[in-house]
Amino acid sequence: GAVVSQHPSWVICKSGTSVKIECRSLDFQATTMFWYRQFPKQSLMLMATSNEGSKATYEQGVEKDKFLINHASLTLSTLTVTSAHPEDSSFYICSARDTSGRGSAGNTIYFGEGSWLTVV
Amino acid sequence: GENVEQHPSTLSVQEGDSAVIKCTYSDSASNYFPWYKQELGKRPQLIIDIRSNVGEKKDQRIAVTLNKTAKHFSLHITETQPEDSAVYFCAASWDSSYKLIFGSGTRLLVRP
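In the order they appear, the protein sequences are chains Y and L. Residue numbering for the first sequence follows our numbering, starting at 1 and increasing by one per position. Residue numbering for the second sequence follows our numbering, starting at 1 and increasing by one per position.
Incorrect hints may have been included.
To be verified - The following label-pair restraints were derived from C-beta to C-beta distances: (1) Gln42(Y) with Asp27(L): 31 to 39 Å; (2) Ser18(L) with Pro40(Y): 22 to 30 Å; (3) Lys66(Y) with Asp17(L): 41 to 49 Å; (4) Ala72(Y) with Asp95(L): 24 to 32 Å.
To be verified - Stretches of chain Y that chain L covers, calculated by requiring three or more beta carbons in the stretch to come under 8 Å of a beta carbon on chain L: (5) 43-51; (6) 92-98; (7) 109-115.
Stated by the list, open to error - When the alpha-carbon atoms are kept at most 20 Å apart in a straight line, the in silico DMTMM-like pairs for lysine to aspartate or glutamate are as follows: (8) Lys14(Y) with Asp65(Y); (9) Lys42(L) with Glu113(Y); (10) Lys71(L) with Glu2(L); (11) Lys41(Y) with Asp84(L); (12) Lys41(Y) with Asp27(L); (13) Lys64(Y) with Glu52(Y); (14) Lys58(L) with Asp27(L); (15) Lys20(Y) with Glu52(Y); (16) Lys42(L) with Glu22(Y); (17) Lys66(Y) with Asp88(Y); (18) Lys71(L) with Asp49(L); (19) Lys14(Y) with Glu113(Y); (20) Lys41(Y) with Glu39(L); (21) Lys64(Y) with Glu22(Y); (22) Lys71(L) with Asp27(L); (23) Lys37(L) with Glu113(Y); (24) Lys20(Y) with Asp88(Y); (25) Lys71(L) with Glu56(L); (26) Lys42(L) with Asp84(L); (27) Lys42(L) with Glu52(Y); (28) Lys22(L) with Asp49(L).
What the hints contain is simulated information worked out from the structure, not anything from laboratory work. Ideal Cβ positions, reconstructed from N, Cα and C, are used throughout, including at glycine.
Throw the hints in and build the complete structure from the sequences for me.
Put into C-alpha cells, the structure is as follows:
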C-alpha cells in the first residue's frame, strides 16, 4: 500500500530552539497533506492543511507563526515548530491524501509514523 | 466547524463478547466516516470506513453502521480477542476537504 514516511521519529530539543519535521509520500503525489498533534492519552487534533504550492490553512487556535508549514513539492511537507517550549512536547503526525484512485475509497488518506517531540 | 463526540471513553469486555463504540457528528455535510485503531506511540490504522450513501458495512468481525438522519455512526466488534485491545478513534470528513475530525477516542480492553 501507499506509504507516508515521517522524520524524525523522535527528537529532543532545548527550549527556544526550532525543530523541523518532514512528511513524505513515498509512492504517490500528495497535493494535500495534514498535520495533527496528539497529546498523551488524547485524540488527534488537526493543526493545519498543507497545500502544495500555496499557503497552509490553519485550524482555529493554531499559531501559524509558531508552526510553520511548507509544502514545496508534491511529495514533501514540513512542519517547523519555532521557539519551542515544553508545552509543545507532543506526538506530531502527518497524513497525506492519495487521489490516484488506487485506494478502495478512491481518495485514501495515509498516516506517517509520527514524531515524538520533547522540549526540555 | 465539524465536531465529533465519541462514547464511551473506556470499554472493558470479556474475550468473545461484543464491543460497541458510538460517535455523533454535527456537520450534515460530512460524508466519510472512518474508524481507526491506534496502539501506543504508533500511527492510526484504518480498520473500516463508511460513506454516507451506505447504511452499514461489514468486514469479518468488524461492522460500522451509519444513521445520517440522527448523525450517528457506530463501530461493532464481535467475538473480541485480546489483540483487539487498543484505542479506537472515529472520525468524520467531507469530500471537498478530506481533513479528518477525530472523536475523543475509546480505550478498549479485552480481558482474556
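Hints and how they fare:
no.: 1; hint: Gln42(Y) with Asp27(L): 31 to 39 Å; result: 22 Å, violated
no.: 2; hint: Ser18(L) with Pro40(Y): 22 to 30 Å; result: 29 Å, holds
no.: 3; hint: Lys66(Y) with Asp17(L): 41 to 49 Å; result: 46 Å, holds
no.: 4; hint: Ala72(Y) with Asp95(L): 24 to 32 Å; result: 26 Å, holds
no.: 5; hint: 43-51; result: holds (count 5)
no.: 6; hint: 92-98; result: holds (count 3)
no.: 7; hint: 109-115; result: holds (count 5)
no.: 8; hint: Lys14(Y) with Asp65(Y); result: 19 Å, holds
no.: 9; hint: Lys42(L) with Glu113(Y); result: 6 Å, holds
no.: 10; hint: Lys71(L) with Glu2(L); result: 12 Å, holds
no.: 11; hint: Lys41(Y) with Asp84(L); result: 18 Å, holds
no.: 12; hint: Lys41(Y) with Asp27(L); result: 26 Å, violated
no.: 13; hint: Lys64(Y) with Glu52(Y); result: 16 Å, holds
no.: 14; hint: Lys58(L) with Asp27(L); result: 24 Å, violated
no.: 15; hint: Lys20(Y) with Glu52(Y); result: 17 Å, holds
no.: 16; hint: Lys42(L) with Glu22(Y); result: 17 Å, holds
no.: 17; hint: Lys66(Y) with Asp88(Y); result: 10 Å, holds
no.: 18; hint: Lys71(L) with Asp49(L); result: 15 Å, holds
no.: 19; hint: Lys14(Y) with Glu113(Y); result: 23 Å, violated
no.: 20; hint: Lys41(Y) with Glu39(L); result: 11 Å, holds
no.: 21; hint: Lys64(Y) with Glu22(Y); result: 17 Å, holds
no.: 22; hint: Lys71(L) with Asp27(L); result: 8 Å, holds
no.: 23; hint: Lys37(L) with Glu113(Y); result: 14 Å, holds
no.: 24; hint: Lys20(Y) with Asp88(Y); result: 13 Å, holds
no.: 25; hint: Lys71(L) with Glu56(L); result: 14 Å, holds
no.: 26; hint: Lys42(L) with Asp84(L); result: 15 Å, holds
no.: 27; hint: Lys42(L) with Glu52(Y); result: 26 Å, violated
no.: 28; hint: Lys22(L) with Asp49(L); result: 14 Å, holds
The structure shown violates the earlier hints numbered 1, 12, 14, 19, 27.
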